[in-house]
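S.K.: Each chain, written out:
2 protein chains.
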Amino acid sequence: MSSKTAISPRRDQDYPNWYQEVIKNGDLAENSEVRGCMIIKPWGYTIWENIKNELDCKFKETGHQNAYFPLFIPLKYMQKEAEHVQGFAKECAVVTHHRLVQDEQGKLIPDGKLEEPLVIRPTSETIIGETFSKWVKSYRDLPLLINQWANIVRWEMRTRLFLRTSEFLWQEGHTVHSTQAEAQQETLQMLQVYKSFAEDYLAMPVIAGKKSESEKFPGAVDTYSIEAMMQDRKALQSGTSHFLGQNFAKASNIKFLNREGAHQYAWTTSWGVSTRLIGGVVMTHGDDNGLVLPPRIAPVQLVILPIFKDSEERKKVFDYIEKINHEIKNTKFFNQEILTEIDDREIRGGEKKWQWIKKGVPLILEIGMKDIANNSVALIRRDDQDLKRVFIPRDKFLSEISGLLEDIQNKMYKRAFQYQKNNTRIIDQWNEFEKFFTPVQADKPEIHGGFARSLWCGELQCEEEIKQLNVTIRNIPLGAKPESGVCIKCGKPAKLRVIFAKAY
Amino acid sequence: MSSKTAISPRRDQDYPNWYQEVIKNGDLAENSEVRGCMIIKPWGYTIWENIKNELDCKFKETGHQNAYFPLFIPLKYMQKEAEHVQGFAKECAVVTHHRLVQDEQGKLIPDGKLEEPLVIRPTSETIIGETFSKWVKSYRDLPLLINQWANIVRWEMRTRLFLRTSEFLWQEGHTVHSTQAEAQQETLQMLQVYKSFAEDYLAMPVIAGKKSESEKFPGAVDTYSIEAMMQDRKALQSGTSHFLGQNFAKASNIKFLNREGAHQYAWTTSWGVSTRLIGGVVMTHGDDNGLVLPPRIAPVQLVILPIFKDSEERKKVFDYIEKINHEIKNTKFFNQEILTEIDDREIRGGEKKWQWIKKGVPLILEIGMKDIANNSVALIRRDDQDLKRVFIPRDKFLSEISGLLEDIQNKMYKRAFQYQKNNTRIIDQWNEFEKFFTPVQADKPEIHGGFARSLWCGELQCEEEIKQLNVTIRNIPLGAKPESGVCIKCGKPAKLRVIFAKAY
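Residue numbers (this note's numbering), protein chains in the order written: chain A, 979 to 1482; chain B, 979 to 1482.
Chain A with its partners taken away, still in its complex shape (with noise of 0.2 Å):
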């Protein structure tokens, strides 16, 4: 393309800045003055209220209510579950004090130190457990199905906005079970709900599989994810589910009462997923003029723009917008109002038109006279990358309106899946994977393969030697045939064939 771009940098040019200015320019969030955390703006809470509500929808389907525990955890409750402390100590945000006062030169500084310091949860096992062992008596308390939409702090270093901030929003599903196959059961529906969420709703295509012990979740018995692939190639965990086994019931005496009459230790779960998922849908579907947003969870799925020169003509094109959107207010997309607006801003037109297209609202509709002499409108899709400006009749438009955001959807999804297929090659040569993941350009090291569908013998080792060229196992994905082969590193017998990948 040679015409500008409402983005600068374009993805080609500068990949992570690309992003940042996507961010910026779709008016979704924004760094605060507090170290690591963001803003997010109403265009992208928005967003987030979209997938909150269609998540929680789905959890409550499976079963799942709702609670909220408290945002602060005693140290001794973090200490109960080995690893779970140790893979959590370096980023926990630690409150000691209870109040202010004023010093000799008038400064701020805490005061009324607490005698035992509170965590900030980086995530609620320990918390939750503990309430579930006095929750839990009998197996007809069981299963035992909560989830939790709240706020999180892990401290980060070097944050991006939704990728990696020190304080995020997420859910997180914690579920006791009577039984392991139970639990584990648990943990793949959840897994699942999530797939067909990614794909569904937010035409992200991911593979979900299981992480290799080193990638898992402290503390966790098995960890389950789903990775996306972003359009720089990498890999973005997108949402996981573990099975805890025993582990937590054990650190936080989760017993109950067994038919058998006998007290044992139940088995638990967790699941989450968070604000990340903005940063993919950004990652997965945008272009060189900014956010592309997936009809099903865009804020605005159409937008109207009105154009006139004086208020006589206003008054005529603002008539026969109001009857259109009245008609399509009649009409439903996935069972839902179609979300419209009528922009009436008084800002030049083109502004006004690029702000839309920058947003990634799925629909653009140009309304002025020559479209009420001809009884028809302009249409732009988002979707398309030209931006072409389609003349429709008003009465095809209107009975189209539906199919057309389920074609954009479905078009999305087939798009980012094909980038994704395109992307990832079987590898069962070390040349060749060495050469895969190393960058196109010195000057661009974000530019490589993709994904790499591997053998791997399963040994701590090799994946250890693969992570010096910053590539990780992202999952061994479900339902993989069992191959026989060599591993890619270390040549010895292998029978897993994994995903190999450079990740966010």
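One or more hints might be untrue.
[Said to hold, decoys possible] Examples of chain B residues toward chain A, derived with CB under 8 Å:
| no. | residue |
| --- | --- |
| 1 | Cys1015 |
| 2 | Glu1069 |
| 3 | Cys1070 |
[Stated by the list, open to error] Covered by chain A, according to a simulated footprint, are these stretches of chain B (three or more residues, beta-carbon under 8 Å):
| no. | segment |
| --- | --- |
| 4 | 1041 to 1052 |
| 5 | 1097 to 1111 |
| 6 | 1122 to 1136 |
[Said to hold, decoys possible] Straight-line alpha carbon distances no greater than 20 Å define the calculated EDC-like cross-link-like pairs of lysine to aspartate or glutamate that follow:
| no. | chain 1 | residue 1 | chain 2 | residue 2 |
| --- | --- | --- | --- | --- |
| 7 | B | Lys1091 | A | Asp1081 |
| 8 | B | Lys1085 | A | Glu1093 |
| 9 | A | Lys1294 | A | Asp1321 |
| 10 | B | Lys1038 | A | Glu1093 |
| 11 | A | Lys1036 | B | Glu1319 |
| 12 | A | Lys1115 | B | Asp1005 |
| 13 | B | Lys1091 | A | Glu1011 |
| 14 | A | Lys1054 | B | Asp1081 |
| 15 | B | Lys1399 | B | Glu1177 |
| 16 | B | Lys1194 | B | Glu1069 |
| 17 | A | Lys1091 | B | Glu1011 |
| 18 | B | Lys1331 | B | Asp1364 |
The hints are simulated quantities; they were obtained by calculation from the structure and are not laboratory data.
Glycine is no exception: its CB is placed at the ideal position from the N, C-alpha and C atoms.
Given the structure of chain A, go ahead and fit chain B onto it with the hints provided.
M.R.: Here is chain B on its own, set in the frame of chain A:
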């Protein structure tokens, strides 16, 4: 009532403990081991979700958008508004470290001291103001109408579930306007939104009015509140709306270019309600058998309890119930599907019924073989203090259910309104005033007259002297007619008739 009640102690025996027991038996919430922090259980949290959803619609209808701001506030922001920091310094949780390490004994201790400590938001005027100063450039950016749903921490020494906890959930609206009049109008508009929500949804009558100078929000020019009367005749401040003038605009430098091309400070407001509202619902409507929920916020509006002896009866009863349930789903209550639950847990019928009574579900339907034979249902209305079981023909019940819920909602409001009216008195003599607020029984300090509507000179000194009785000015009701008379305390001329009460 001579018969045994489900909650012990009864309201007339020990009101504060009755309150705790209703919450416990109603499965709303419990104390955590973290000082002052509560766990909101699924039944309580669903009530909060219902409150949240309805209020959120009303905020959006009045043009507000949601966003999310950091949990942490740098000390330097807190310092900018002198009254504000003074108001909150004593109850701020302070983060001073960003990791944990183990000491020689293996005990976890805070490490990684922050250069500048961070306060956990006790409210967000300062951090949001800082952001608004960047968002607002010109009069075209105004009004800026933002709301945030968030958790808040105010370190409390004496806590009570829902009423006063160190962490709580709330919403905080923050708006910026180009004129004083517009900001004042916004303040009153949101107060009105709170008043109608409390009355129409929570069935909780409130008095809307202006706070006295001494009871204002730290940093506000004017604070308005809604005040409800609990069944111990104490007042519960249930929502506040603040006109902040230019105080925070000056502190955070929120300036805009006006239509005349000059830079000027903006006018701001803030307003909030919290999970405290749930405490208000408990104390407005609860009776000696537990919680009584207004239908419009009840997580379940009608519970169906099957009664049967064996598996054959079980099948028949469930067939009958499922048909009824299906038909109920075809009727609407306030344009929404009626929320029903069929409780098929295998526990004793009596215990099961009492659990639902204590949880406050508005309608309880018991259905057994006799009801099938008579083509009828057995119905209990939770708002009926005697919990009479009434037999109604099936079809009559189905055609009336929506009206029944409406009737419950209305009667609950009327009863609470009548209670408030019966316990509010116009008092113009100091002797009478003192007597009104003197406990009826020495061992029950909480029982006293209620709300006194008395004249006040407007002087802080009188207000302070009256505080000796543990009585405060709740607010100066909006729309009161000017009166001439003398101050209840000092006898000097007074024009304001205000609400005096003991308060939570």
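S.K.: Tell me the numbers of any earlier hints that the structure contravenes, in ascending order.
M.R.: Result: hint 10 breaks, nothing else.
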